[in-house]
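Now for the letters of each chain:
Protein chains: 2
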Amino acid sequence: MIHQLTLSDVLAEHARSRPQVTAVVDGEVRLTYPELDARVTRLANALAARGVAAGERVLWLGQNSHAVLELLLASSRLGAVFCPANWRQSADELAFVLDDLAPKAVVWERSETAGPLSGDGWIAAGADYEEFLAGGSAEAVPESGDDAAPVLALYTAAFDGRPNAALLSSAALVAHSASLLVVRQMEPGFTFLNNGPLFHVGTMMFCLATLQIGGTNVFTPAFDAEEVCRLVDAEKVTQAFLFGQMIDAVVAANAGGKYDLSSLRFVSHSAEWDAMTTVDDSPWCRSKMGGYGQTEVGGMLTFLGLAPDAAGFAGRPSPLVQVRILAPDGSEVPPGETGEICARGKSLFSGYFNRPELNEARSRGGWHHTGDLGRREADGTITFVGPRLRMIKSGNENVYPAEVERALRTHPAVADAAVIGVPDERWHQAVKAVVVLKDGGTASAEEIAEHVKGALASYKKPRHVEFAASIPKKGFTPDYDALDAAYGGGNYPGS
Amino acid sequence: MIHQLTLSDVLAEHARSRPQVTAVVDGEVRLTYPELDARVTRLANALAARGVAAGERVLWLGQNSHAVLELLLASSRLGAVFCPANWRQSADELAFVLDDLAPKAVVWERSETAGPLSGDGWIAAGADYEEFLAGGSAEAVPESGDDAAPVLALYTAAFDGRPNAALLSSAALVAHSASLLVVRQMEPGFTFLNNGPLFHVGTMMFCLATLQIGGTNVFTPAFDAEEVCRLVDAEKVTQAFLFGQMIDAVVAANAGGKYDLSSLRFVSHSAEWDAMTTVDDSPWCRSKMGGYGQTEVGGMLTFLGLAPDAAGFAGRPSPLVQVRILAPDGSEVPPGETGEICARGKSLFSGYFNRPELNEARSRGGWHHTGDLGRREADGTITFVGPRLRMIKSGNENVYPAEVERALRTHPAVADAAVIGVPDERWHQAVKAVVVLKDGGTASAEEIAEHVKGALASYKKPRHVEFAASIPKKGFTPDYDALDAAYGGGNYPGS
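Protein chains in written order, with the UniProt record's numbering: chain A, 1 to 495; chain B, 1 to 495.
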């Protein structure tokens, strides 16, 4: 009990330590920490009256909203598990999630996609949700007490043809937040604009780190460049969930200088962007942002910001984890050799919901097996090589799509590229590149293949190059199943 | 297992992630992380051969040395408990510690004070220690695996006439380090000069945070201004354990500018100091350093750096703890009222070694009772009022010595002051001030009392003022038992 710190506890402390600080901004909604705490208590009591007990699941189906944070914190207060579901998924996919997770309560947003999906007893976001919350008692909820219990479920990529809900405990989320506070050098007053999808760990992890340090979370349904500008100006936002083309869109939306974006302390991107914002010197922003991560490690496992001038593309581990590069037999491989990236530590997940066999397989030997290949460089930094199951076997050689994709993207005419393995009678598999050319860019298949040969070992050169208008994506990574289906991939030895 | 991160694990990760980084500098000794890891393995195996198993205690008796860190890490590797004992204590006090802790191994430094204390089988620091370590096997130590197990024992102030060993687990120490990394904005490359005593949590906590981020720990036996200058220059030290008069001594030692101290990133102190060093902008250095802490919370519980412009003298809680101000019946007192500072969270200790009754009393209701009084201000920040057991009852009024002491120290002629309660027939107790005047300062007892009356409620004014050449201290705080004995204190209602 003395060592416990649940997400609910974090909120309870802020309600006392930061009575005047704004916790949440969402459209007309503005809540101080005491106000958020009071609403979360009512919501928890209302959910409890619906039968949500410790261990039960609560589902959100909708775009970003302060209700996502409220439902997560109310679930924490009850010892229950909250899942923000992907509202972009199809009705079939959602039906699978509902059957898999069997939530005791669903809060759902009326929208074009989700409209037809209403179920018995579902609570509609907006007025119905407010009425439901207001009906909850204001009395203190009895302490649930166990910060090692799962509190957040996020569905992740399918390993066996179906998605799996990664379970994260309060302890893991608090630890991961601490690592982000360290690397991003977040301070009280930090204001985060939640414009990326909250069903994805990439946005959720910054939302939670902002909560942890007692900052302000601003919610907007989804990315809209003009709205991002307006909110940054109005709320003095410190950081938003922005990358490459999104940043360009923000720069374009503010070309006339209508909005003051100087409160944004962010990574250097372009002369226009740097002039509009404040280039930040924290390790997270100073180097190339990011590192290596996945939902199962709470977000980030390694940080580029902890390894300036690193040889490895993924940087060094967070101060709260250990990483080992392991061979299939569980032994550690020496630096320079490729093996599976495995991890232990304070921010790791608690397994997948209702997947005992998969959990046993992925935690064998007391290490979480990420399913991704990597290696240690001579300087101790980590290189992410690619997903283990996508390794291509060509003759006796292993080819990792990510490596070939990086080489392809350095060709001046290439906008995007993905690599798959296609069955080959003689070599078992052959490397095939699917390439998207830039507007006005031209290159032949031979030129593309030769470009890769100039950068990598000759056996990694694509034997087949096919041009396409776009690469299908799952989140930020190529949808390899769709690519295999469309371009004839298969015969992977790791599958 | 997946969530485990012991201090030994932290070292094992750095040995892989930071193969070229210097972990330790101590005189002629320079060790990279892989070298430190290899020595710690040998030391752990040598200690195991001596019978040190999980839960057994290992004692260090000596000044600062890299051996302190090695023994702590080797103890962690074995699941054992390491105690760096206060080498300044008397033979009687040490005899109590030896009897209380019953260590399986003692490493001890020959010195004037500790010389006569040698015991059977004790290992002398220096050549004997090196020989002992070299005799240990280089084989990997079987994993101990439990980061919730105590690994560090630090003796703290007596509550009942004898000191108690506060037990800190790896999990608590790792969490506390994370909070320091956040507030001090420590980064890889951080170099800490261990010039304060490592048997005190104040130096130990920075040593461990430096380990956590993969920085460099420089050891020097004790504070020496010239040696501090030399080491800062030679090792490019980022931070040392320096306060007020120590900083003035460093400035004096470097008056001629012989040493380059610009690598020190520290708090602003004086024009000369600021010119020699780099004034740091982290929350820890930006505001007045510090906050409220004690060994039992891992070091710091609250930070001034998390509460710029705070009303409360102690700032706001670390992001990894909760604080409650509780009445004797366990209920929470409202803001503005004084109660006991109580805490929960990731950095808290695991109780005192071998003190079941005290542990039960101090953890009642699931909250660690610090034994200190405090209050929440209207802005949510915390004020430390003073030790609960030292509260003075004068008439129906409670008087807290710390408050009166702060008022006394604002008098221009006062160098130092301490306040006790003396028995009083009419009022139960009366406030008595023991005052040290500055060189050349003059003030009468009446002037001193009137000065306090001008700052505080009239009943807090000292009825008795006695002048002294110095205030007896225990570490950084007045030794109230000695003061009571010398100046007639007693009759405290909290005792």
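Calculated from the structure, these hints are not laboratory results.
Predicted model only: the values in this text are computed from it and were never measured.
Some clues are possibly wrong.
Taking lysine-lysine pairs in the DSSO-like style, the calculated list, with each CA pair at most 30 Å apart, reads [claimed, not checked]:
(1) 288/B - 236/A
(2) 236/A - 288/A
(3) 288/A - 236/B
(4) 393/A - 473/A
(5) 258/B - 288/B
Which earlier hints turn out false for this structure, listed by number in ascending order? Of the numbered hints, all hold.
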